[in-house]
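Given next are the chains, with one letter for each unit.
2 protein chains.
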Amino acid sequence: MSKPVGIGICGLGTVGGGTYQVLHRNADLVQARAGRGIEVVHVGARRDNPDCPTGDTPVSRDIFDVADDPAVDILVETIGGCDVARTLVERAIDNGKHVVTANKALIAEHGNALFERAASKGVDIAFEAAVAGGIPIIKALREGLAGNRIEWLAGIINGTGNFILSEMRDKGRGFEEVLAEAQQLGYAEADPTFDVEGIDAAHKLVILASIAFGIPLQFRKVFTEGISKVSLQDVAYAEELGYRIKHLGIARRSDSGIELRVHPTLIPAQRLLANVNGVMNAVLVEGDAVGPTLYYGAGAGREPTASAVVADIIDVARGLDNPHASRVPYLAFHRSDLPAEPIVAIEEVETAFYLRMAALDQPGVLSKITQILSDAGISIEALIQKEPQPGADTVPLILLTNRAREGLLVKAVAGIEALESVRGSVIRMRVEPLDG
Amino acid sequence: MSKPVGIGICGLGTVGGGTYQVLHRNADLVQARAGRGIEVVHVGARRDNPDCPTGDTPVSRDIFDVADDPAVDILVETIGGCDVARTLVERAIDNGKHVVTANKALIAEHGNALFERAASKGVDIAFEAAVAGGIPIIKALREGLAGNRIEWLAGIINGTGNFILSEMRDKGRGFEEVLAEAQQLGYAEADPTFDVEGIDAAHKLVILASIAFGIPLQFRKVFTEGISKVSLQDVAYAEELGYRIKHLGIARRSDSGIELRVHPTLIPAQRLLANVNGVMNAVLVEGDAVGPTLYYGAGAGREPTASAVVADIIDVARGLDNPHASRVPYLAFHRSDLPAEPIVAIEEVETAFYLRMAALDQPGVLSKITQILSDAGISIEALIQKEPQPGADTVPLILLTNRAREGLLVKAVAGIEALESVRGSVIRMRVEPLDG
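Each protein sequence line maps, in turn, to chains G and Y. Mind the numbering: the first sequence is residues 53 to 488 in this note's numbering, read in order. Mind the numbering: the second sequence is residues 53 to 488 in this note's numbering, read in order.
Incorrect hints may have been included.
[As the list claims (entries may be wrong)] List of simulated lysine-lysine pairs, DSSO-like, C-alpha gap at most 30 Å:
(1) Y/Lys438 - Y/Lys223
(2) Y/Lys463 - G/Lys173
(3) Y/Lys438 - Y/Lys463
(4) Y/Lys55 - G/Lys55
(5) Y/Lys223 - Y/Lys281
(6) G/Lys223 - G/Lys281
[Unchecked claim] Coverage of chain Y stretches by chain G, computed from C-beta distances (three or more under 8 Å per stretch; other residues unrestricted):
(7) 74-86
(8) 125-137
(9) 463-476
None of these hints come from the bench; they were simulated from the model. Predicted model only: the values in this text are computed from it and were never measured. Note that the Cβ used here is the ideal one computed from N, Cα and C, for glycine as well.
Can you make the complete structure from the sequences, with help from the hints?
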């Protein structure tokens with residue numbers, strides 16, 4: 053058997069500490085799977101982690117010492133963020149080390165340059181942990197579904213957001229209240245913007261889309277809408293219509309290019325994806341040969357994320373002493389073989405829509421509204437009109453439209469909002485049948 | 053770019069024909085993913101398939117010509133069965149060719165010998181298509197979850213059986229009637245024994261268990277019980293108790309060894325696995341680090357199975373011109389590094405049980421039954437007692453027990469069946485919470 057593979061872990065927080073512990077606890081299994089020992093030979097961390105004693109493993113306060121250590125074959129980057137992490141990963145690559153990272157922002161925003169650099173040095177960058185935590189979705193897309201033309205994918209890829217929407221639905225609690233609880237439980241950061249405004253999901257979506265479609269990472273082109281405006285009313289109305297609201301990342305091949313979008317979405321209640329609750333993640337992928345497949349699991353957390361990091365370490369280790377280190381291309385495709393694909397502007401995207409508005413309780417209002425929609429070529433699939441509340445002069449009116457180009461719908465909605473008989477703005481949310 | 057990889061397809065039926073067509077339709081994507089062209093250079097088939105025109109590709113009536121063709125780098129075996137397929141695969145291996153197969157029986161029953169033979173010749177045998185069709189579950193277990201100690205897995209891994217149980221539940225139709233329809237729809241073979249008696253599922257389970265736990269393939273040790281005795285009554289009672297009946301393959305690590313069993317199982321209705329319907333497959337895997345993950349998709353059919361075959365072809369092609377062809381060990385582990393693990397006899401397995409019996413409508417009957425269970429250390433979690441039907445002298449009595457060793461329960465059931473106040477035999481089915 054070859055000599056053990058030397059691992060350097062940079063960052064000893066949640067993911068770094070979890071990785072250290074899983075590698076130790078499962079050392080025998082990991083060795084039997086990799087065909088050689090895998091040993092943490094160096095840890096870089098600004099401070100000790102009381103939850104993760106490091107025993108005899110050398111610890112440096114300067115993480116760059118790990119990138120320069122000749123005993124390190126694979127550097128594991130778990131410090132997060134883009135600035136220092138990028139410099140660290142570049143240093144490791146330049147030193148001929150393979151890199152395993154859980155850093156979605158780093159890959160989504162700087163991946164193109166990092167992969168080029170790694171290719172020129174003949175080293176691997178593995179990033180399974182960057183998307184959907186412990187779910188091996190990168191591997192499924194890059195290898196398991198490699199025979200397919202991927203048509204679309206849709207994922208619940210932010211656990212905090214899904215926890216909030218699940219609690220709102222199950223317990224009828226408002227967004228702010230659940231968000232506060234999520235922060236208390238440690239799901240959401242003190243600054244929850246990344247989670248609730250969809251930036252975290254956009255980072256992950258851009259990685260999935262790149263691998264699925266063979267397009268460069270283009271984070272700036274993702275259309276992103278958060279969940280902070282989803283109200284309890286809409287959760288209940290969606291339910292009544294047979295739908296659930298999920299915060300989805302969607303990438304879809306269309307005639308005009310690739311759609312990349314993160315937004316609250318109504319999906320039919322009986323779909324598996326609609327039944328993924330709490331902090332769990334799931335990704336639904338439609339391939340031309342395989343049809344729909346779904347991957348479900350914990351999208352974050354200490355050991356689920358470590359599971360993906362360790363799988364990457366084993367993957368790299370299995371390929372060591374191997375002149376073709378990157379047996380699988382970083383982003384699934386050998387890029388030069390593919391034509392460029394445009395990303396579709398959100399105005400050009402076609403979906404069905406859920407619309408909710410407050411209309412005066414008068415004859416003729418509904419006909420004005422439906423006239424505007426019909427003039428725009430948009431027809432109505434379902435309608436709920438509620439009795440007015442005592443003392444209210446408006447009634448809630450809820451519509452499900454058929455599929456329409458977003459640009460057309462936005463114009464029609466502006467027309468509806470301009471009606472004297474409609475008060476305030478029209479709430480709108482996209483609907484996805486997720487059936488093909 | 054290297055020269056194209058030569059593919060020889062043996063068998064041009066459902067899977068072989070699907071593979072041929074997916075390779076042609078997606079040739080550009082496949083090439084971009086593999087980094088080189090992948091070309092079918094030889095087809096071996098006893099007769100043409102009108103659904104799959106082969107154009108200029110040379111076709112031999114003797115499949116062994118394909119195994120002897122120097123232009124073939126990878127032989128794809130899709131003829132099925134064990135006898136000819138085994139000889140064919142051996143010939144291909146001996147000729148230094150890599151093998152991709154969709155043949156679950158071949159791998160489950162002869163895999164140990166074939167892998168040894170392949171290892172001695174330095175070639176790959178890939179078999180993703182052998183389990184759960186297009187779902188990349190072999191890859192997930194062998195690579196994606198490689199950092200985990202797998203605790204257990206439970207899968208709906210026979211589409212025909214799941215279709216039958218789904219129809220029984222949804223439409224209240226009996227087993228025989230739905231089976232006849234499944235045969236008409238082409239889901240079930242003329243001889244449906246393999247599907248409904250669980251042999252097909254046992255083949256797949258033994259492969260999954262081997263990869264998950266690092267144990268040899270031991271098909272003869274799987275406990276197998278089919279679905280032909282599941283009645284509409286039990287489907288309805290299960291529903292009333294908050295459960296659904298699924299035909300599961302379960303592999304579980306226990307203190308006394310590995311449990312390997314295929315049987316009808318009650319699972320809580322809200323679990324994702326309980327909501328996998330029709331011919332779809334899904335496998336739930338519990339790893340010590342990642343927790344539960346689930347993989348869902350089409351478990352059979354022309355192109356879903358071809359999806360897995362083509363993924364394997366790309367996997368092998370990505371590793372060609374590579375001295376370490378088997379970067380990933382065939383069954384996930386380098387075997388010599390692992391201690392032997394015993395397979396647990398079914399009598400030693402502990403599960404909860406659903407029991408249904410016909411009891412005389414008399415005082416004291418229930419207390420006799422519960423006394424027998426309690427004497428065996430088995431307690432009762434839930435009980436349904438129905439009103440007697442007009443004219444009937446017995447009432448249906450349904451019990452959910454707590455977890456008990458099967459040997460003890462079987463004895464207690466024999467005691468219950470011996471009671472004068474209980475008529476006929478006691479229906480029993482295992483219950484799995486699937487929660488950890």
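Right, here's what the structure says about each hint:
no.: 1; hint: Y/Lys438 - Y/Lys223; result: 22 Å, holds
no.: 2; hint: Y/Lys463 - G/Lys173; result: 67 Å, violated
no.: 3; hint: Y/Lys438 - Y/Lys463; result: 25 Å, holds
no.: 4; hint: Y/Lys55 - G/Lys55; result: 34 Å, violated
no.: 5; hint: Y/Lys223 - Y/Lys281; result: 18 Å, holds
no.: 6; hint: G/Lys223 - G/Lys281; result: 18 Å, holds
no.: 7; hint: 74-86; result: holds (count 11)
no.: 8; hint: 125-137; result: violated (count 0)
no.: 9; hint: 463-476; result: violated (count 0)
Checked against the numbered hints above, the structure breaks hints 2, 4, 8, 9 and satisfies the rest.
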